[in-house]
Amino acid sequence: MTLTNVLCVIGKPVSHSLSPYLHSFGAHLIGKKVLSFKCELATELLPSFVDFVRRKKEFTGFNVTMPFKEEITRLLDSLSYDAQKIGCVNTVAKNRHGLVGYNTDWLAFRDSVRAREKWFESTLIFGAGGAAAAAIYAIQEAKISDEVYLFNRSVERFERLSKSFNFIKRWSAEKKIELLVNATPVEPPIDQSVFKNVKLVVDFDYSRKSNQLAERCSELGIHYIDGLELLARQGVEALGFFFGEKPKLDEVLQYLRRICECREKASHTAQ
52 MTLTNVLCVI GKPVSHSLSP YLHSFGAHLI GKKVLSFKCE LATELLPSFV DFVRRKKEFT
112 GFNVTMPFKE EITRLLDSLS YDAQKIGCVN TVAKNRHGLV GYNTDWLAFR DSVRAREKWF
172 ESTLIFGAGG AAAAAIYAIQ EAKISDEVYL FNRSVERFER LSKSFNFIKR WSAEKKIELL
232 VNATPVEPPI DQSVFKNVKL VVDFDYSRKS NQLAERCSEL GIHYIDGLEL LARQGVEALG
292 FFFGEKPKLD EVLQYLRRIC ECREKASHTA Q
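Those letters in the sequence shown? Residues 52 to 322, per the working numbering, in order.
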């Protein structure tokens, strides 16, 4: 049997990724059969991988995670308007024009936030990578917040982001925050006082074994959006670019939560 819909996710590391489950189940919901896998690449092999996908007719597309979201923009045949503005790609779809790069992270962020609140006076984002850029772009395009502050360790990365989004500012502790965003793969260093005015927390990560941020939100009665919801939302949008049709979000999200529950049970059993 010839496989005509091959998908994958590339990154380093990528062992934690749930994207193959999302691809397979989401495609099933819209009547497509796919083979999806994880591909951990050395940075120097990225151009060769892109050329390989371009040549192989079986490939429909692939998703991109850290650390390749920026670098891959230079290797594709074209970029969507949003991907150009954000400077990062997390979805690559093949069409008659070649390999096209999209960013669905910003759509996931926009839609998840808008489902809870329409507007925030101020936002604090931890991180200055691809997820942070997508969140900033979503805030700008959807007019989600008046003020956007960043907390990150690299002055260079902040300056690079501020060239594209000149309204962002470096955060200082006295600023009142209503929307808090963790755009890093680790637990953000947040003092308790920061939560005083927070209405909503958005956490891009879904792979941390312990999640103090979620626990703190639960204790304080703050709405919390986890990385699984963002993964499901961006994945549904990605499948739309791959196949021209999107599965239902709630079914995909429920499936991913079941996968995580099974993984957790298996981990406890192994211990």
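Since the hints were derived computationally from the structure, they do not count as laboratory data.
A quick note: this is a predicted structure, and the numbers were derived from the prediction, not measured.
Keep in mind that the hints are not guaranteed to be accurate.
Claimed, not checked - Label-pair restraints from in silico Cβ distances:
#, residue 1, residue 2, range
1, Ser244, Lys316, 30 to 40 Å
2, Arg147, Lys227, 47 to 57 Å
3, Glu168, Gln263, 40 to 50 Å
4, Gly149, Asn248, 25 to 35 Å
5, Lys227, Lys108, 48 to 58 Å
6, Arg167, Glu312, 38 to 48 Å
7, Arg167, Glu315, 22 to 32 Å
8, Leu271, Ser129, 42 to 52 Å
Unchecked claim - With a cut-off of at most 25 Å between alpha-carbon atoms, the simulated BS3-like pairs for lysine-lysine come out as follows:
#, residue 1, residue 2
9, Lys84, Lys220
10, Lys83, Lys108
11, Lys89, Lys250
12, Lys220, Lys169
Glycine is no exception: its CB is placed at the ideal position from the N, C-alpha and C atoms.
Item to check | Range agreement (Cβ of Ser129 with Cβ of Leu271, hint 42 to 52 Å) | outcome: holds, 45 Å
Next on the checklist: I want to verify a distance hint. Is the separation of the beta carbons of Arg167 and Glu315 within 22 to 32 Å?
Outcome noted: Because 26 Å falls inside the window, the suggested range holds.
Checklist entry - Under the criterion that the straight-line Cα-Cα distance not exceed 25 Å, is the pair Lys220, Lys169 satisfied? => result holds, 22 Å
Checklist entry - Do the Cβ positions of Gly149 and Asn248 conform to the proposed distance bound of 25 to 35 Å? => result Given range 25 to 35 Å: violated, Cβ gap about 47 Å.
Checklist entry - Given the hint that Lys89 pairs with Lys250, does the C-alpha gap stay at or below 25 Å? => result violated, 36 Å
Checklist entry - Do the Cβ positions of Arg147 and Lys227 conform to the proposed distance bound of 47 to 57 Å? => result For Lys227 against Arg147, whose Cβ atoms are near 50 Å apart, the range 47 to 57 Å holds.
Item to check | Pairwise beta carbon distance, Arg167 to Glu312, judged against the given window 38 to 48 Å | outcome: Violated: the Cβ-Cβ distance is about 24 Å, outside 38 to 48 Å.
Next on the checklist: Range first: 48 to 58 Å. Now tell me if the beta carbons of Lys227 and Lys108 are that far apart.
Outcome noted: For Lys108 against Lys227, whose Cβ atoms are near 54 Å apart, the range 48 to 58 Å holds.
Next on the checklist: I want to verify a distance hint. Is the separation of the beta carbons of Glu168 and Gln263 within 40 to 50 Å?
Outcome noted: Violated, since Glu168 and Gln263 (Cβ atoms, about 23 Å apart) do not stay within the stated range.
Checklist entry - Is the hinted range of 30 to 40 Å satisfied by the C-beta distance from Ser244 to Lys316? => result holds, 37 Å
Checklist entry - Are Lys83 and Lys108 close enough, with their CA atoms no more than 25 Å apart? => result Roughly 16 Å between the alpha carbons, so the hint for Lys83 and Lys108 holds.
Checklist entry - Given the hint that Lys84 pairs with Lys220, does the C-alpha gap stay at or below 25 Å? => result violated, 46 Å
When held up to the earlier numbered hints, the structure conflicts with 3, 4, 6, 9, 11 and fits the remainder.
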